[in-house]
Each structure stands twice: as structure tokens, then as C-alpha cells.
Amino acid sequence: MTSLWARVEPLLARVQKPARYIGCEDGAITPRHGPGKVSWLLAYPDTYEIGLPNQGLQILNEILNERDDAVAERTYAPWHDLETLMRERNVPLFSVDTHRAAGDFDLFAFSLAAELVYTNVINMIDLAGVAVRSAHRETTDPLIVLGGHCAFNPEPLADYVDLVVLGEGEEVIGDITEVVREWKASGQTPGSREGVLRELSKIPGVYAPAMYDVEYDGPALRAVTPKYADVPAVVHKRTVADLGQWPYPKSPLAPLTEVVHDRLAVEVFRGCTRGCRFCQAGMITRPVRERPADQVRTMIQNGLRRTGYDEVSLTSLSTADFSGIEQVTQAINPAGCGTSETISISLPSLRVDAFTVGLAGQVAGGRRSGLTFAPEAGSWRLRQVINKLITEEDLYGAVESAFSQGWHRAKLYFLTGLPTETDADTLGIVDLARNCVQIGRKHTNRASVTVSLGGFVPKPHTPFQWFGQNTNDELRRKVQLVREASGRAKGVNVKWHDPSATLAEGISARGDRRIGAVMERVWRAGGIFQEWSEFFRLGRWEEAMAAEGLSIDWYVHRHRDEHEVLPWDHLSAGLHKDFLWLDWKEALAEHGLPDCRWTPCYDCGVCTGYGIEHIVASPVPPAGGSQGTGQDLSRGGEVPVELLPRRREHVPVPATATESATESASDSEAVS
Amino acid sequence: MKLRLRHTKLGKIRFTSHRDTARHWERAVRKAQVPLAYSAGFTPRPRMSFGLALPTGAESLAEYLDMELAPEAGPDIDLADLAVRFSAELPVGYEVTHVVARDADSVPSLQEDVVACTWVLTLEGIDAHELRDTIERTLAVPSLMVDRERKGQRSTDDVRPAILDLSVAPATDDPRQHLCAMLATNGRGLRPVELLAAMFPALDPVDTAAKVLRTQQWIERDGMRREIIPAVPFATRTPVECA
Chain A
0 MTSLWARVEP LLARVQKPAR YIGCEDGAIT PRHGPGKVSW LLAYPDTYEI
50 GLPNQGLQIL NEILNERDDA VAERTYAPWH DLETLMRERN VPLFSVDTHR
100 AAGDFDLFAF SLAAELVYTN VINMIDLAGV AVRSAHRETT DPLIVLGGHC
150 AFNPEPLADY VDLVVLGEGE EVIGDITEVV REWKASGQTP GSREGVLREL
200 SKIPGVYAPA MYDVEYDGPA LRAVTPKYAD VPAVVHKRTV ADLGQWPYPK
250 SPLAPLTEVV HDRLAVEVFR GCTRGCRFCQ AGMITRPVRE RPADQVRTMI
300 QNGLRRTGYD EVSLTSLSTA DFSGIEQVTQ AINPAGCGTS ETISISLPSL
350 RVDAFTVGLA GQVAGGRRSG LTFAPEAGSW RLRQVINKLI TEEDLYGAVE
400 SAFSQGWHRA KLYFLTGLPT ETDADTLGIV DLARNCVQIG RKHTNRASVT
450 VSLGGFVPKP HTPFQWFGQN TNDELRRKVQ LVREASGRAK GVNVKWHDPS
500 ATLAEGISAR GDRRIGAVME RVWRAGGIFQ EWSEFFRLGR WEEAMAAEGL
550 SIDWYVHRHR DEHEVLPWDH LSAGLHKDFL WLDWKEALAE HGLPDCRWTP
600 CYDCGVCTGY GIEHIVASPV PPAGGSQGTG QDLSRGGEVP VELLPRRREH
650 VPVPATATES ATESASDSEA VS
Chain B
0 MKLRLRHTKL GKIRFTSHRD TARHWERAVR KAQVPLAYSA GFTPRPRMSF
50 GLALPTGAES LAEYLDMELA PEAGPDIDLA DLAVRFSAEL PVGYEVTHVV
100 ARDADSVPSL QEDVVACTWV LTLEGIDAHE LRDTIERTLA VPSLMVDRER
150 KGQRSTDDVR PAILDLSVAP ATDDPRQHLC AMLATNGRGL RPVELLAAMF
200 PALDPVDTAA KVLRTQQWIE RDGMRREIIP AVPFATRTPV ECA
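Going down the list, the protein sequences come from chains A and B. For the first sequence, position 172 (counting from the first letter as 1) is numbered 171 according to numbering that gives the first Met the number 0, and the numbering increases by one without interruption. For the second sequence, position 243 (counting from the first letter as 1) is numbered 242 according to numbering that gives the first Met the number 0, and the numbering increases by one without interruption.
None of these hints come from the bench; they were simulated from the model. From a predicted model like this one, the values you see are computed outputs, not experimental measurements.
Computed cross-link-like contacts, DSSO-like style, restricted to lysine-lysine with a CA-CA straight-line distance of at most 27 Å:
(1) A/K226 to A/K183
(2) A/K201 to A/K226
(3) A/K16 to B/K150
(4) A/K201 to A/K183
(5) A/K16 to B/K210
(6) A/K489 to A/K410
(7) A/K249 to B/K11
(8) B/K150 to B/K11
(9) B/K11 to A/K16
Generate the whole structure from the sequences, applying the supplied hints.
See the structure below:
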């Protein structure tokens, strides 16, 4: 493998933001290639600015480079201007670390965080000079790998990739490396590619789409079945039991140019059990595993020292729920960084309550431009349907706290097009926003509230996976309702996500293998960077669906029934399908389900199935707010008796998941 | 204590922008644990100010910045050692060559003070003869009109007054020709790539400018042009006065 730098360098004088392509970040590892080593190219299929901060890629890059038998580099999607020059001058896709050609690596692995980047994946494979369809690849071409949240329904890309990794990558990348190392040692003889895929498919968490046959019954999917007896019928995700054993990244990357999250990030826990029914991340990353508070502190101190950042973001799906949060924040300020400044801490994914805002205020340093909350739905009824059990009092308390502490803008995230949503629910969004502005005006005349409205896309492995997504027209009508109503509300601004892009996301999210050809057509028509509104055109998608003879209505807008074979049924995040179905029925009955970190287990399937447990330092919920129980805990912080008992004595697998789920559903009725 | 520093910016990092350079410095100062003075106010910023922007893609032997140390740094801080500490924490390609103490208020800011820069441009596809001829011709004309774009605005300007000197730079290992140009920075100034567009209108200036290197930045004192901090290597330990 040789460096392409001499051919890349002259192109960089002609492109925007050339610093995206030079590597050289603080903390970057010098990859040491060598004979016999398995080389991985880790790719984020979006721009450098978006991809560089990705923690998954940084973690896997370090773990692989620490191994004696592996080496890893990184790459990102080149922007249009560079891609045009690369294609004109026959320069293939390259790594940013040492500018090696992507096609020279043994494995070329993509992290997929969102569906609209699928066409970028195909484009990057093509830019690497590799056949876009896996069936057309040569024996020694890189094995194309997918990971990340979207890997839980990789079917739209199944014909384009060789391997899919379900769940967390820390351990499984080592298993894959070993099999590929043996394959390389054996000389990668012609025709051995299928054999190695079959071997790799025996690794838990690894799905090799080519090892499965897919049968259809008209538009419906009949079955996805393994071609061989030694290939698993269902692939189960990988989960790291103890985050404390994986204190990565140890050498966090500080880029030389501006990126989206330009601060140190320290992951404080994985998983979330709040059980928001629309949230795929919360469902597929269970159970909750907290990092020990001491380790969080050490990682913050080391990370700040190594990068020179003055801001750290404590990342997770709901950081205020981290039981060591106060321990950590009190220890940081002022951090021992040897300067007169203080370190500011940002808490993304703020829980909606006054306690959380108080915490954010203590640690935010000087930057108080805006705070973001996600009530997600405009009425308590609908919030029960989606199981986002925050009360109006929680929201108003949070907003009051924010405006009284010097913030003057709040941003509220809402979804529209949710199951059972009526116009009264939709208009409730404006009422909430208007009331928040009124609260803010008591403190500052500049108080304003921005409503950010996104169209709901039902996601695989969630209780809403059976729901028919709202049509483009219906979403537009709802956005219009909110816009008109808010036009009369002073201080309320509305931003919305383009419903056309929501439709495309819907095609990809629950698509089966037939959608792959649609992706390829969209890509061939020039449709890359589809999550960038300036490059998105729904027409390309509609034309591609029509050309493949596929119905948008069938894939996107149709409600599914209990017995339908779903394209991801052979892939498991550990959740019992009947638990999800029951939770879907509970949703339609407007019943909430409490957080199982602090209430008895309702057996979603994950802990019992994998023999792992929640790792939470505190047996009680952190103080403040209603904690998603719908109860008022905000005054005095007392925790109701029902929440105190700690589950943990069990866990025999119940005969049916239905029983325990029914029990917990009735529990939730009692508290709501 | 107020300091003025001179440093290089060479190699791959030339593709980072002027703004990026400021960010590299902020992080390097924190990593080196050198206590800086901070501005007052709701969002305190470290007291650092940067000289003339270097175009993205250009290299330099003569970049400058000013910074103010916090009182706790003490009056006896070893400036040569500071240069070493900063160089160690900055990305590869930066080397701090000079650190000098600066009299508190008598020195104007870098941005106002600099009147000209010297550049060495490595030229692709131009032979020695053509270069000599073009230099002669350019210096002989009374005015030189150039169509250029600044911040999205197109304009036609006479750039001849901004060309203070042109010469053929001494040969190096690189067989290509090198143009040495001293260009004024006051007014709208003249960028190296704009100079090439004016000198070689038939060629693509971006392809022609294979390398762009800033070698000196000039200020004026008593009618004389001099470097901000003359390029005497720090290692000689010669006391260096700040201009």
C-alpha cells in the first residue's frame, strides 16, 4: 500500500475546507501497517465535520490499532468539489491518516447513524474503485462492513455489503480480525471469499446477508432463511457488559478544523430504559450500563489535558439520569488544567425538569444562548401514547428554571405524525410553546421559544414498527397547522423538517432487500448527501420506486399487522417481538410504561435473554422532576414508595413475556 | 507580561485556515499549561491576537501573534523555554522560532502595523526565461488592472502600486522556478494568487502556484522597512528587540 498524498495534494488547493482531508488531528494514531496485519478502513459516510466527532469510530480505531494483528485508518465522505476532481483525475477514495487507497484495505467498515446516508455508502464504495454490489466483487476486494444503529435493519443495503455488525463493536471487531487474519494467511485463494463470509457469519453479532435466501409473496416478505445449517437463523446483537472495562477513547481526537461537536466527549452510560416508544436508540441499546463515576472523572481530566479543550460533553441518551452526575460535575470545576479559566460542561439530551436545568446552569460556564428540551408531543394524552411521560409541570418548571438563570432562548423538539395524533394534540404544541414564552417574559423581554418539528418515521425494533407513517401531505398539513397557530403567538418561532425527506427516510428505515435497487438508482441519478436539503429531491426517490415497481404506500404508509414477517425479524436487539407488540397495544390504549431501572422488570427480553443487567450506581432515581413516571417529584425531591424497591432478585425467564408486560402496564396505569 | 511570537506554518497544516490557526493556539496554550490573561465579561476569552491572515493553502516562515500572560506566570518566565513548550503542543508543521517580551502599550497591533509581506512562489510550467521577461514587463508598466473577487464582490482594480518588488528567487533542490514578490498589505492589498493572475493571464493561477510561502512580514519605522522580529534563530540566544 502506498500513499496517494502526492496526487491528492494538488487537488486540495481547489476545494472548500481542504483541512478535512489532511488528518493530522491531535490524538491521531500513527497506523503501523505490516505484513500479515488485518487492515481496517473505518468510514463515516458523511462530511468530515459531522463524522470526525463520532465516538464509535474513534473507539474502534484505537482498539484495532492497539492490536498486534490489526491496523486501522479513517475516512469520510469527500464533498462534491473534491469528488468531482477525484473522478476527473482517477484518484480513488483515500484514508485521511496516511492517504492510502480505500481499495487496498482488507475491511472497509461504515458507521451508519441515519438512513439518508445510504446512498453515500454506495458512492464511497464506488469511489474506492470496488464493485458496488457484493456479488460482483473480487476475492481480494475489501470486505464491506456496516455497523451503527441503522445496522439493525440493513436490508436496503444487504446486496451492497458483505457483513453487518449488530450492536456494540468493541469485542466483535477482534473476532472478525482473527477470522480475516487466518483467511489472509491461507492466501485468499480464488473463490474463498464466500467461505470466509460463511465463517464470519458464525461469530455472534455478525450477519452476512449473502448467506441468507429471501422469499417474497407478491409485495409481502415470506421469509429470510439461512442458506446453510451452520449459519444462524437469527443474529443477536453484541453488547459490552461492563463499560468500565472499555475506557475509550483514551486518545480523543481534537481536529485541526471546525467540526459539529467541537469539544471533548466522554460517554457516561449506554442504553436507556425510559422506554420512549418512538425511539430506536433507546430500544436497541438496552440495558443501561453506567461508567463508574471515578473513571468518568479520569477520562475528563486526561482528555482535557491531551486535547486542550475547555469544554466537555457528557454523552448518553439522557445524561441527567447518570447516577454519578453530581459527583462528576462537582469534581470538574475548576479542573486541574493549570489555567485561570474554568471548564464548561455540556449535557446533551437534557431531561425536561427544573432539577436538570439547575444542574446545567451550574456547569454551563458563560455560554447561555439556548437550551433544548424534547417534550416530543403536545398533549399529556399523546405523551402517554409515546411513553414520553413528562408532565406540563415538568416542562414549565424546566423553562422557568432556564429563563431565571440567564438563558433567553429555549428550543422545544416535537414529533408530528405520531400514532393516534389528532389536531388537538398537534395544536397543543403551540399552547405549550406559548405558555413557555409567557413564563420566560417574567424574566426577560427577549424570551423566545423555537419549536422544532420533525415528521415521525416508525423505526424497526420499536413498538411503533407496525405503524403506517403519515403521508407527505398529512405531515405538511400538520406543520401548517402549527405554523398558522404560532403565527398568532408572540415569541414562538417554528422550524420544521422537510416532510419529503421524512418520506425518503421512511422508505429506507423499514425497507427490505428490494429497496437496495432503489438506493442504487437514486445514487446513479446523483442523489448523494441526501440529508443535506440542498441536495435532496424527492422526485429521484419516487422515480426510483416506480422504476423498480415498488409502492411507496406499501413500504411507508401501510399499517402492519401482528403476524407480518418484518424485514428485520432475523436480526435481534434482544427485544421480544411479543413484548413490542404488547407495548404497541398499550400505546394505542394510552397506557404509559415506567422506567425499569427503578421499577420491577417487565421483561422486554434484553437482560433475561443475554444474561446481563442494568448497571446503575443508585437504587433510586436522581432527584427532581417526575422522572418519566408522570408523578410530581419536583417539590422536595421525595421519591414515592412505589419507585423505591429495587428489582434484581430474579431473573428466571418467564414462560411468556405477555404476563409480565401486562403486569407492568397495569402498574403504569396506577402511577399515571 | 505581553509577548510577541513568531512561528512557521509548514506542510500539511497549510490547508488549515487562519481561524483554525487561532484555535490551534488556544488549545496549545492550555495543553502547555501556560497561564494566559483573560478578557473580562460574560464569556472570557484568552488574550491573544493574531497578525495578518495567511491564505488557506499557503505556507509561512513568518507568522506572528501577540499574547498576554496572566500575572501568575511571573516576570522571570523563560521565553526560550516557552517557545519549546508551545512548539511541542502545536500540530506538526508549527515551530515557534521567536518569543519576545513586548512593551505594554507602545506597539501598534500586528494587523495595523504590517505594511508588506514577502512571498516565494514555486511556479508550475514556467521556465526561467519566461519568468525573467514577465518580471521585467510587470515592473515596467505604470498600471496593472485585475478583475478579482473579494467576499463575493467582483471588482477591477489597479494592483501595480501594491507590487513593491519582484525578483527570481535563488535556485533550490526543486527544479521549478521560484518568484520572490514583495506585496503591499495596506488598502485592498494583493494576494499571491492574484499576482500570478495578473502576471500570467493565460494560465490558471491555482495550478501555476504550486507552492506559496510567506517568508517575511514588514513594518515601517523611521521611513525604513524592517521585519517585525528579524529572523535570527532563537538558538543563538541573541537578545532580540521587538520592533
